[in-house]
Amino acid sequence: MIETIGLSKRFGDVRAVENVSLQIREQEVFGLVGTNGAGKSTLLRIITGILKQDAGTVLVDSEVVFDNVETKKKFFFIPDDPYFFVNGTAEDMKKYYAEIYPGFDTARFERLLKDFGLDGRRKIAGYSKGMKKQLSILLGLCAGTKYLICDETFDGLDPVMRQGIKSLFAKDMEDRGLTPVLTSHNLRELEDICDHMGLLHQGGILLSEDISSMKLSIQKVQCVFAAGIEADSAMKDLDVLSHNVRGRLHTITARGTREEITAHFGSYPTIFFEILSPSLEEIFITETEVVGYDIKKLILD
Amino acid sequence: MTSKNSSSTEKTMTFIQKQKSISRRRLVLWVLSCLYFFTAHILGTLMILVANRPGTNPERMRKSMLDAFSTYLGTRYPIWFFVIIIAAVLGIQGFAYLYDQRKVDFYENQPIARKDRFFTIYINGILIYVLPCLVSLALAIIILMVNGFFNMALLADILYGAIRVFILFLGIYHVSMIASFLTGNVVMAGMMTAFLLLVEPVTRLLLEALRSTFFKTYFADTFAFDIMLNPVYNYIIPGQWGSSFFSRVIYENRPGELLAHVASMRMGRDIVALVVIAATLFIAYLLYQKRRNEMSSVAIAFEGIKPVLKLVVGVLGALCCGMIIRSLFGFTGGGATWFTVLIIILAGIVICCFAEVIYDMNIHAMFRHAWHIPVVVGLSLFLFFVFRLDLFGYDRKVPDASDIQSGALVLHNINNNVYDENLDYIEPIDFAQKYMFLEDAEAIAEIGAIGQEQYVNTMNGQTEGNYRSNGWQGLLTYRLKGGWVITRRIEIPYDVDEALLNRLMGTEEYKEGTMMVYQDEAIRALEGSETGIVKLVYTDGILERGIQAGRTEELYSRFAECYRKDLEQFDFSLLRKGSPVGVARIDVTEMSTDPYGGGQYVWLQFPVYREYTHTLNFLKTIGVELPTDNALRAEEVMDARVEWHEEIADEDGNVNYAYRVVSYSDKEMIEQFLEKVRPHDLLDAWSGEESADEYSVSFTINTAPEGYSGERSGSIRREDLPAGVLKDLENAVPMQ
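Here the protein sequences come in this chain order: A and B. For what it's worth, my numbering labels the leading residue of the first sequence as 255, then goes sequentially. For what it's worth, my numbering labels the leading residue of the second sequence as 134, then goes sequentially.
It should be emphasised that the hints constitute simulated quantities derived from the structure, not laboratory data. Positions of the beta carbon are idealized from the N, C-alpha and C atoms, including for glycine. Wrong hints could be hidden among the right ones.
[What the hints assert, rightly or not] In silico contact screen, one side only, chain A against chain B (beta carbon under 8 Å); selected entries:
id	residue
1	K306
2	G310
3	Y350
4	I354
[Said to hold, decoys possible] Quick list of in silico lysine to aspartate or glutamate cross-link-like pairs, EDC-like style, CA-CA up to 16 Å:
id	chain 1	residue 1	chain 2	residue 2
5	A	K400	A	E324
6	B	K236	A	D335
7	B	K248	A	E324
8	B	K248	A	D321
9	B	K860	B	E776
10	B	K236	A	E282
11	A	K306	B	E776
12	B	K567	B	D630
13	A	K425	A	E282
14	B	K153	A	D308
15	A	K377	A	D346
16	B	K423	A	E353
17	B	K153	A	E353
18	B	K423	A	D334
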């Protein structure tokens, strides 16, 4: 498990990360979303031991990270703009990483290169941005580390490649218990793959929740009350997160399980009543609006 | 939580694997290093071989070749400048990944301990230098062996030379590593390397300039620059390029002697250099560990050093600009001070602004931290006035007698050639500092107080073109009990207490540190050798007679014995009141077997007083005596020409040099001159008031004495000139 406790980092007058505490459990996909400059990359660099935090603690499997070789062997970091050797080829990178990571799977790397249509002997400088991204993800997957930490994971990848990469993540999770940590400035890129999401804004964590529990604990109700029923009285004693009315149709987002919500509205006659599963996007919007943020501007535009 | 551990990485990658891995990415530097060393060592060796063939004399050829290869590959290695470039490039390039955030992300997240990465890169840099250097040097040596121009002395010279250059390399390498950790880009790292290498010598030179310009009694002692941390200084300064010593010992294959000589000259500084190397490596490692990885692409990686750097560069730069521009414009008058102050203020402002622009990479940041400007300018001006106005009383400061361990006194009036143990000429002050240990601390302090005060007064009273002094000038060295050695300029007034000066100049210690006859082991050794030739010439200013010693005569040694006995009478009173009747000169020459010459030659001068009976008797014994009443007879002189050299000030106060001449042919007058005239240089103004070289007499000889003809001349004191002659001189027309 990766755990950060009260993590803070400043660059001069700029607060890059401020008091961030979160947990990344093993064999789950952790997604970290936030705008550009929110502190995602800085947080990942601290987690991977590139930067040293000003305050707080980072533990990977209960061990400190910074300058700790044994801990660093457990993860592979793919930055937003990965570096490759000048005039280097995919073969060169393979050789290099094979020396650095004892568990590097050379055969699998060669196979995947072929599958993804990448020429191992061609200079990486001649690759497109997407190809470089593919190469770095393949190198990361083949390094055989327990954690794969990717910054702006799918940036530059076309939808087919994204799907291919997501499949590889899923396979490695199943085969060898990989724990991917993915960041994006766009929530929609991550929602179908992540088990747990963190929302970072201006260096601080706004939200960090399991997606399943988020989905289970928030319900979206669409209903038309029978004549004489006051909506306000019907919503009394309910933890309502949002309420919209269009004509006689009420759309209510409220906290609670499906059963609790059904039971609550059972005592109020309705002409139409339906419980819908809210999308991740809707959950995020609802949750962050509660604490005063207009999330749509932050991660959906 | 567990502790950090890098052991398993050690297991997965061996030292060689790591070096191979990193070398793959430093191929360009490997190639450049190989190119340089193979060109310098192998091609250079071959070129020397080709350029010097064929030789007519095999031995001469061998000697010449050994000397040429020793000069080129040995401790006098002439192409060290390129080693500095290589070291600086390796130091900066090795850790240049720190300047690129992408590379930092790439390397720093890998499971490699920072310590491991540091030493892998560090050792790789050394290997890039060492391996091509050693291989090319070995090949060069093989070429020399094959061609027969090789012996153990040359090998010792080459190996010691290689070690010294390696020390130079490490010194620069470590400094450039420190510079690369302090900065955030390659350009700044290069500038920082230059700064770190120059800051010490520039500071020393600046202090030297300030002291020598503004402190009257300051003397630029060679000890002042004896110890420096700068690796370049430690490498190049001790060298004695082109010394015939190397040529001789290598040709005669005496490696032990060569190493002992080189070590005696350089070992001290090499040890200092090694200590500096260890310290700079430690600092570099510490900085590497402390440097934050987010500091790529910034100008300076440690915020804390920015103001310190600005202050040092600002103050040094402002003062240097002030002193250089003052010197370039040749200002020396009262306006010079204000001119220098103006330059210091302007330079301080410009440097502070420039520093901020560089720090921020932004021209608009020039007035950021504007309060630094008055601090830099204020400190610069304060330091300037400390020297200009001698705020701390440097010129007045005389050590307390109780603090003085010993002293050394050199008066410029004593013309004395002195040599070191290798018979190389040295300055009298260096000779005195080596051999003179005056013990009378009270007298030293007293003479120091009188001499320094008078010297300052004389200097303050001088104007441009008028350098008259009111006493005998010289140097006084105080050796303090704390180990400090301080030398000051002094001027001893003509009315000095004779007894006080005799307490110093009448001692054995004074004579041992002034006269070569007390430190003459090397001369005696040369005289006793097969190749040493000794000549003795004695002159009274009119006549001179000489003799060349036979192989076993030990002419010098016998003369020295007699002269030393006579020197027992020597003191300041003798100098002041006595009158030398002649001067003996001894030339000792080594007829070298070296086909290109290069033998030693020394000449020594011995003033002979009437009281020096042992010397005069010896001169008589060997047949070069001259009658003290002078051998030149008046009948032999056609005429005597008296010259008066004087300084005449014009309306603007400028002093011009002129002379007046009167001639006499009457026998009576000539006889008076012959009686009083003395050799030039010996009639120094020990009597005070008048300089002896103001008056001279030249005699035109009609019947030449044996072996001599033409014109003879000597000096004469004003009081020895008849009154009529003085009147004639005053009436004569001055000529320029």
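| message | When the structure is checked against the list of hints, which entries are broken? Sort them ascending. | response | Hints 2, 10, 11, 12, 14, 16 and 18 contradicted; others consistent.
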